[in-house]
Amino acid sequence: MKLTDEEEALRAGEFGPAAQWAIEHQIKVGCYLGARDFVAVSQAHIMADTESLGVAGVEWLERMARLPAEQRRLCIPTISDPRGTDFAAAHRLKQQPWMLELERRAIAAFEALGVLMTNTCINYQTIMPPVRGEHVAYGDTGVVIYSNSVCGARSNFEGGPSALSAGLTGRTPRYGYHLDECRSATLVINVGWTPRELDDWGALGGIVGRLAGDYWQVPALFGIDRIPNSDEMKHFGAALASYGSVALFHIVGVTPEAQRIDDVLAAKSSVHSYEVGEADIRAFQQSYAQTIETVDLVVFSAPQLSLVEMAQVAGLLDGRRATIPLLVVTSPQVKPDADRMGLTGRIEAAGGTVLSGMCFYQSYAREMAEANGWKQLATNSAKLVNIISGYGYKPALVSMEACIDVACDGGRIAR
Amino acid sequence: MSDKVFFATGGMGRRVEGSALVAKDGFSARYDLDRLRGVFTRPEHKLAGASYVGRVLVLDAAKGGVATAWMLHEMKARGVVPAALVLNAVNPIMVQGAALADFTMISGFDIDITQAIPNGAMVEVDPTAERPFIRLL
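Order-wise, the sequence lines are chains A and B. Under this note's numbering, residues 1 to 415 are what the first sequence spells out, in order. Under this note's numbering, residues 416 to 552 are what the second sequence spells out, in order.
Source of the hints: derived by calculation from the structure; they are not laboratory data. Among the hints, a few may not be true.
[Unchecked claim] Chain A stretches covered by chain B per the calculated footprint, using a threshold of three residues with CB under 8 Å from any CB of chain B: (1) 133-143; (2) 208-218.
[Unchecked claim] Result set (DMTMM-like, lysine to aspartate or glutamate): computed pairs, CA atoms no more than 20 Å apart in a straight line: (3) A:Lys28 / B:Asp449; (4) A:Lys268 / A:Asp180; (5) A:Lys94 / B:Glu545; (6) A:Lys375 / B:Asp449.
This one's a predicted model, so the numbers in the text were calculated from it and none came from an experiment. The C-beta atom is built at its ideal place from N, Cα and C for all residues, glycine as well.
Whole structure, please, built from the sequences with the hints as guidance.
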C-alpha cells in the first residue's frame, strides 16, 4: 500500500503503540483485500459484545486501555454497538454474574479509550446518520448496509478490531465499497410484490441475500411500488446483510445512487436477473415455522426497535396480557423517549420486558436458553431467525401483530 | 508443484498441515458454531454436528456478521479452533479476524475449492508462499 508521511509516522510509533498496532493491522487487511492506499474516515462504530470478545478479547482491550492516555487517543468520533446485557434486567434474563463482570470490564476499557458508549445498532436512526459520499468505518452489518445503501455513505464491514483501528488512525484501507467501481449492481431483482409488514421486508432481504451469495455482490431491485420507510429499509437491509453478507443494495427510484437502473449498471456489463414475488416471500416465512406449534418466548430485536416500532408494539398490547416472556429490545437513545411517552409502561404493564442497549443474539443467547428453558421463539426479525438457530433455538418468523398474538395466547402459533 | 496444488489470490498466517473438513457451504463463527464445544451447530449447515477443532476448513464463502473478527482470536486463545480456513470467497471480516488472531487463511481460486479437495484428505496450507496455496498430501 502507498503510505503518506503521516501513515509512515503512525507505523513508526510516533503516535504511540495503540495507533502503531492499528495501522499495522489495517495494512495487513488492506494488502489482503487489494487496497492501494488509505481513505480518511469521519466516524467509527465498534461491534464488541463480550460473547464475541471472550476473556481473551477483553484482556486485549484492557492492555490497550492501560497505556498512557496520550498513547491511546481516538482521533474521530467512535461509538459502540449493543452490549451483551442490559444490567437493569440481567437477573430477569438469568444472565450469570461472570457475564456481567466481563461486560463491565469491556465497558471500562472502551471508556478509557474514549469510545462513546452508544450501545446501538440503529445509530443511523438515532445518533448521526452519515451523508452521501461520507467515508466511515462502521461495524454491525445492518449499520453498514443501511448507511451505504439508504444514506449513500461508504463503508466496508469493519469488525471490532478494524473499527477500533479506524478510530485510532482516522482512516481505513481504501477497498470495496469506498471505491466507485465496487458500487455497481452485480445482480438485478424484479420484485413483483411490494412487502407490507416488517417481516415481509426481512423475508425479501433474506431471499435476495441467498441469491447474492457473498460480500462482493450488489443487488439492484426494481418493481417496489412505494417508498419504503426507515424501519422497512432497516429490516430489509439487516436481513440482506445477514443472509448474504451483502453490504450495499440499490432500489431503483428510491436509494440515492439508483435514480435509474442505468445509474448502477456498469457499462457493457452483463448481470443475472431474478424474479421474486409474494409466493417466494410467503414460502420463505413458512419455511421457519412449519414444525413449530408453540414457542417459549417472543423477541423483538435485531435490529433494535425505533421509537415508532416501540409505539406499534405498545399499541398492539393495549388491553392485553402477555403470558409468555415478551422481550422488546431498543437503544439507549430511544428508551428514555419511550419511558417519557409512556410506551415502556404500557408494554411492561402488559407483561412485556423492555430492554435497552443490548441485542438478543449478542447477549449469551445459548446460556439464556439453557437457564430459562427456552427452545423455540417467535420474532418478526428475519435477521434474528437466521442467526439464532446456531444458538440452539427453533425460530418462527411472523409479523409483529402475530408475535403479539402468540405472546398473549400462551405461545401458540395460529395457523 | 503437482496438479494437486491449488493457488489462492490471498493468504495470511502461518503454514499448517491437517485433515480437511470440506463442504459447499458458508462460514460464520457466530451463526454456525458452538465455539465452546468446537462443533458446527447450525442445523441447516452441511457440517452440522461435525467437530472443526484442528481441521483445515474448506468452505465456499464467508457469511454473516462482524463477530468473527473477534471470535477467531477468542477461539484461538482457548485452543478450540480450526487449523486453517480455506475459502472460495472471503469478506473483510474474515480477513480482519485472521489478522487479529494471526490465523491461517487463504482464499480466491480459479476453481471451486470445495470440489477440488476431498473431505478428510490431508492437506498443506501455505499462506507465506509467493503464491499462497493448498496442496493435497
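Verification of the supplied hints:
1. 133-143: Satisfied; 3 residues make the cut.
2. 208-218: With 4 residues in contact (Cβ-Cβ under 8 Å with chain B), the coverage given for the stretch 208-218 of chain A holds.
3. A:Lys28 / B:Asp449: With Cα atoms ~28 Å apart, A:Lys28 and B:Asp449 exceed 20 Å; violated.
4. A:Lys268 / A:Asp180: holds, 16 Å
5. A:Lys94 / B:Glu545: Given pair A:Lys94, B:Glu545 is violated - Cα atoms ~52 Å apart, limit 20 Å.
6. A:Lys375 / B:Asp449: With Cα atoms ~16 Å apart, A:Lys375 and B:Asp449 stay inside 20 Å; holds.
In this structure, the earlier hints numbered 3, 5 are contradicted, and the remaining ones agree with it.
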